[in-house]
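A.B. asks: Spelled out, the chains give:
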Amino acid sequence: MTDKRGVSNFEMLMWIPRIIFIIFIMFAIIFLVRTYVVTVIDTSAIKANLFSNRIAYSANGISYYDESIKRAYPGIIDPRKFSSADFLDKTIYYGEKNREVGAKIVLKDLNDGKESVLFYNQPFFKEQKKLADSGLTEGPGGSRGYTKKYNVLIMKGNSPEKGELTIDIVVPNS
Amino acid sequence: MKKIYPKIFLDKKADTNAIYHVLIQILIALAVYVALQSYIDSVAKDTLFEKYYLSNDLSLLAETIYAGPGGLSYYYTNDRVQMSKFSFDFKQQKTSVVEQEGTLTIAQPYGEDANAPYSGQRIENKDGLEFTKTRGRLEIK
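If you read the protein sequences in the order shown, they are chains A and B.
First residue of the first sequence: 1, per the working numbering; consecutive thereafter.
First residue of the second sequence: 1, per the working numbering; consecutive thereafter.
Any given hint could turn out to be false.
As the list claims (entries may be wrong) - Straight line, CA to CA, 30 Å or less: simulated DSS-like cross-link-like pairs of lysine-lysine:
1. A:149 / B:94
2. A:70 / B:141
3. A:70 / B:45
4. B:94 / A:104
5. A:114 / A:90
6. B:141 / A:130
7. A:97 / B:94
8. A:81 / B:141
9. A:156 / A:97
10. B:126 / B:141
As the list claims (entries may be wrong) - Between beta-carbon pairs, the in silico distance windows are:
11. B:82 / A:41: 13 to 21 Å
12. B:34 / A:35: 30 to 38 Å
13. A:80 / B:49: 18 to 26 Å
To be verified - So these bits of chain A aren't anywhere near chain B, every CB distance computed over 10 Å:
14. 16
15. 61
16. 63
17. 74
18. 109
19. 160
Since the hints were made in silico from the structure, they are not lab data.
Computed from a predicted model, the values in this text were never measured in an experiment.
Glycine is no exception: its CB is placed at the ideal position from the N, C-alpha and C atoms.
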C-alpha cells in the first residue's frame with residue numbers, strides 16, 4: 001500500500017462509492033421535487049355535486065319543463081320522466097363509452113310512500129358502486145360515492161305534491 | 001509489456017495529486033448542480049398544471065351552464081393564468097387545452113346535451129371565453 005501506484009489505484013476505487021452516493025442524492029432530490037409538485041387536482045366531489053344539480057335542475061334533467069317559456073322549474077319534478085328507463089342516458093351525453101359518472105335517482109312520494117327509480121349509465125354505476133362502498137377509494141381504478149337529498153315537489157296533474165329526491169352518484173378517481 | 005497508467009494521479013509531488021482530486025470533485029459538483037438546476041428550471045417552466053387546471057375549470061363550467069334551468073350568458077376570465085398563451089377546443093365532449101402545436105394536450109370531459117351537441121372552432125389568443133346558452137344550445141367564443 002506504500003507504493004505510489006497502489007495508493008493511486010486505491011483512491012480511484014474510492015471514487016466509486018462517492019459517485020454512487022451522488023447519483024443517490026440526485027434521485028432523492030428529483031423524487032422530492034416530483035412529490036411536492038402538484039399536477040393533478042381532485043375535483044370528484046365538485047363533479048358529483050354538479051351532476052346531481054344538473055339532474056335535479058336542468059331542462060334535460062328530471063325537472064318539470066314548461067315548453068311555452070322554455071324553462072325548467074327547479075325543485076319541481078316531472079314523474080313522467082321516470083317512465084323511460086334510459087331517459088337520462090338519452091339527454092346527457094359523455095361520449096360512446098361513458099366512464100365518467102353513473103347515478104341512481106330515487107323519487108319518493110311522501111303521500112303514499114311510493115318510490116320511482118331511474119338510473120344514469122346503469123352498468124357503470126352498478127360496477128363502480130361496489131368499489132365505492134368497499135372503501136377502495138384511493139388511487140386510479142377506484143371510485144367515490146356521493147349521496148345528495150332534495151326536498152322536492154312532484155308535479156301530478158296540476159297539483160304539486162311533496163316528495164323526496166335521493167341521488168346516488170359514483171365518480172371515478174381523477 | 002509495460003502498462004500505461006494515466007499520469008494525472010502519478011505525479012511525484014503529493015500536492016499536485018491532491019489538487020487534481022479537488023479539481024475533479026469541483027467538476028463533478030458543478031455537473032450535478034447544472035443537471036439539477038436544469039431539471040428544476042424545466043419543472044418551473046412546465047405548464048402542465050395550468051393546462052390541467054384550465055381544462056378542468058372549463059369543463060366544470062360547461063357542465064354548470066348545461067345545468068342551468070334556462071338560457072344564460074357568462075364571460076369566463078382567469079387572473080391566475082395567462083389564458084392568451086393557450087388554445088382551447090371544445091369537441092367530442094372534451095375541453096382540450098394546448099399551448100402550441102406539438103406540445104402535450106390536456107383534455108377533460110364534460111357531459112353535453114345530447115339533443116343539442118356543441119362542436120366549435122378552436123379558440124386562440126383570447127383573454128376570456130364567452131359561454132352562452134340559448135334554447136338549450138351552447139355557444140362558446
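A.B. asks: Please settle this one: residue 109 of chain A was flagged as non-interface, so is its CB more than 10 Å from every CB on chain B?
C.D. replies: holds (23 Å)
A.B. asks: Quickly compare the C-alpha distance for residue 141 of chain B and residue 130 of chain A to 30 Å and report which way the hint goes.
C.D. replies: violated (41 Å)
A.B. asks: Take a quick look at whether residue 126 of chain B and residue 141 of chain B sit within 30 Å of each other, Cα to Cα.
C.D. replies: Answer holds: residue 126 of chain B to residue 141 of chain B is near 9 Å, not above 30 Å.
A.B. asks: Indicate whether the distance between the beta carbons of residue 82 of chain B and residue 41 of chain A respects the range 13 to 21 Å.
C.D. replies: holds (19 Å)
A.B. asks: Take the C-beta atom of residue 80 of chain A and the C-beta atom of residue 49 of chain B, compute their distance, and say whether it sits inside 18 to 26 Å.
C.D. replies: Check failed, 46 Å falls outside 18 to 26 Å.
A.B. asks: Does the alpha-carbon distance linking residue 114 of chain A and residue 90 of chain A stay inside the 30 Å limit?
C.D. replies: holds (25 Å)
A.B. asks: Grab the minimum beta-carbon distance between residue 61 of chain A and chain B and tell me whether it stays above 10 Å.
C.D. replies: Check fails; 8 Å does not lie beyond 10 Å.
A.B. asks: Between residue 34 of chain B and residue 35 of chain A, does the beta-carbon spacing fit 30 to 38 Å?
C.D. replies: Once the Cβ atoms are compared, 23 Å apart, the range 30 to 38 Å for residue 35 of chain A and residue 34 of chain B is violated.
A.B. asks: Is the hinted pair residue 81 of chain A and residue 141 of chain B satisfied, with a Cα-Cα distance of at most 30 Å?
C.D. replies: Not satisfied, since the Cα-Cα distance of roughly 33 Å exceeds 30 Å.
A.B. asks: Check the non-interface label on residue 74 of chain A: least C-beta distance to chain B beyond 10 Å or not.
C.D. replies: violated (5 Å)
A.B. asks: Measure nothing beyond the straight line between the CA atoms of residue 156 of chain A and residue 97 of chain A; if it is 30 Å or shorter, mark the hint as holding.
C.D. replies: Distance of about 35 Å is beyond 30 Å: violated.
A.B. asks: Hint check: residue 70 of chain A vs residue 141 of chain B, CA-CA at most 30 Å. Holds or violated?
C.D. replies: holds (23 Å)
Hint compliance for this structure: hints 3, 6, 8, 9, 12, 13, 15, 16, 17 are broken, all remaining hints hold.
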